[in-house]
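Based on these hints, arrange chains B and C on the given structure of chain A.
So the sequence lines, in the order shown, correspond to chains A, B and C. For what it's worth, our numbering labels the leading residue of the first sequence as 1, then goes sequentially. For what it's worth, our numbering labels the leading residue of the second sequence as 1, then goes sequentially. For what it's worth, our numbering labels the leading residue of the third sequence as 1, then goes sequentially.
Please keep in mind that the hints were generated in silico from the structure rather than gathered at the bench. Note that the structure is a prediction, hence the values are computed from the model and not measured. Every residue gets a Cβ at the ideal spot worked out from N, C-alpha and C, and that includes glycine. Keep in mind that the hints are not guaranteed to be accurate.
Some but not every residue of chain C turned toward chain A, in silico, with C-beta under 8 angstroms [unchecked claim]:
(1) 25
(2) 40
(3) 41
(4) 75
(5) 78
(6) 80
(7) 81
(8) 90
(9) 101
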Amino acid sequence: MYSIIYTTTSSKEEAKNIARELVENKLAACVNIHAIDSVYAWEDNVEEDMEFALSIKTLTSKTQDITNHIRKLHSYELPAIISWKINGEAEYLRWISESVV
Amino acid sequence: MYSIIYTTTSSKEEAKNIARELVENKLAACVNIHAIDSVYAWEDNVEEDMEFALSIKTLTSKTQDITNHIRKLHSYELPAIISWKINGEAEYLRWISESVV
Amino acid sequence: MYSIIYTTTSSKEEAKNIARELVENKLAACVNIHAIDSVYAWEDNVEEDMEFALSIKTLTSKTQDITNHIRKLHSYELPAIISWKINGEAEYLRWISESVV
Numbered sequence: 001m002y003s004i005i006y007t008t009t010s011s012k013e014e015a016k017n018i019a020r021e022l023v024e025n026k027l028a029a030c031v032n033i034h035a036i037d038s039v040y041a042w043e044d045n046v047e048e049d050m051e052f053a054l055s056i057k058t059l060t061s062k063t064q065d066i067t068n069h070i071r072k073l074h075s076y077e078l079p080a081i082i083s084w085k086i087n088g089e090a091e092y093l094r095w096i097s098e099s100v101v
Numbered sequence: 001m002y003s004i005i006y007t008t009t010s011s012k013e014e015a016k017n018i019a020r021e022l023v024e025n026k027l028a029a030c031v032n033i034h035a036i037d038s039v040y041a042w043e044d045n046v047e048e049d050m051e052f053a054l055s056i057k058t059l060t061s062k063t064q065d066i067t068n069h070i071r072k073l074h075s076y077e078l079p080a081i082i083s084w085k086i087n088g089e090a091e092y093l094r095w096i097s098e099s100v101v
Numbered sequence: 001m002y003s004i005i006y007t008t009t010s011s012k013e014e015a016k017n018i019a020r021e022l023v024e025n026k027l028a029a030c031v032n033i034h035a036i037d038s039v040y041a042w043e044d045n046v047e048e049d050m051e052f053a054l055s056i057k058t059l060t061s062k063t064q065d066i067t068n069h070i071r072k073l074h075s076y077e078l079p080a081i082i083s084w085k086i087n088g089e090a091e092y093l094r095w096i097s098e099s100v101v
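Bound conformation, chain A alone (with noise of 0.2 angstroms):
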C-alpha cells in the first residue's frame, strides 16, 4: 500500500532539507514542496503564516520511520503530520516500491 504523507515547514530551505533527508534515506521515493499560506488556531488566537507543504511518495509501511525522521529534523514542538493512501499508476507505483527500502 502507498501513501502520501503531508508536513509543513517554516521555509522552503527547511522544506528541502526535510526532503533530500527523507529520499537519501530511501525513505520516501520522491517529494513535492509548494508555498501555502496557513491561517490556524493558536492559544485562542487565528494565527497566519507563509509556510512550505510537502507531500511525500512513500509505502503506507514507512509512515511510521518518516514520522520519526519528520519529528527530529523539524523546527516546530509540534509539526502538522498527516496522511492519506493512495492508489496509482501500476508502473509508477512500482518505482515507488523499488525507491524505498
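Only chains B and C this time, still in chain A's reference frame:
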C-alpha cells in the same frame, strides 16, 4: 476521524476570509491556501481561471457545518467542495480535536 | 464514486495542455494546477526539479482512461500518476458527473 476539506475561491482575500471564519468559529484547526490555475468545463466550453485552493484540516464530523459555512460565505453559485479522510501523527490529531468544538 | 488523479509535468504549458485535453474530451470536470519543487530518487541520486502538479477531479470510473491519455500526451517516460477517492457536496459532485461522459 479526521478529514481534509478542499475548496477553491476567486481571490486570496476570499480564501483568507473563509479560512479565518472557519478557524474563529472552531470549525477547523488549520487551513492551508495556495494559488492555482483552474481548467474546467462550463456550458460546453473549456474555461480557465486563476483561483486559490483551501485545504481545511478538521474533524470529519464537521464536514456538513463547514460546507454550510462555505456556501454561505462564498461568492460562487456552486463552489467546489470535496473532502477525503486522513490519518496523522497522534499528538497533531489531538491538537485538531482540541481546536474544533 | 469520485477521485482526484494527481500527476506532475515539467512545464505549465504541458500541464495546461493535458488539463484542456482531459476537460475537452469529457474525461474530467476540473483540473487545478500549481507550481512545485520536486525532490526525488533517480538512479541512486537525489534529483531536484521545478514542476507543475495537476489535481484532476473526475469519476473514479475514468481513472484508466485518464491514465492512458496522460501517458500518451506526457513528455516523461514514467509520469507520476496517483489517485485517491473523494467525497463532496452533493450538488458539486452532480456537476462532476454531468461534466464527464
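Tested hints:
1. 25: 19 angstroms, violated
2. 40: 4 angstroms, holds
3. 41: At 4 angstroms from the nearest chain A Cβ, residue 41 (chain C) passes the 8 angstroms test, so the hint holds.
4. 75: 15 angstroms, violated
5. 78: 6 angstroms, holds
6. 80: 6 angstroms, holds
7. 81: Hint on residue 81 (chain C): holds, closest Cβ of chain A at ~4 angstroms, below 8 angstroms.
8. 90: 22 angstroms, violated
9. 101: Given a least distance of 23 angstroms, the restraint on residue 101 (chain C) is violated.
Checked against the numbered hints above, the structure violates hints 1, 4, 8 and 9; every other hint is satisfied.
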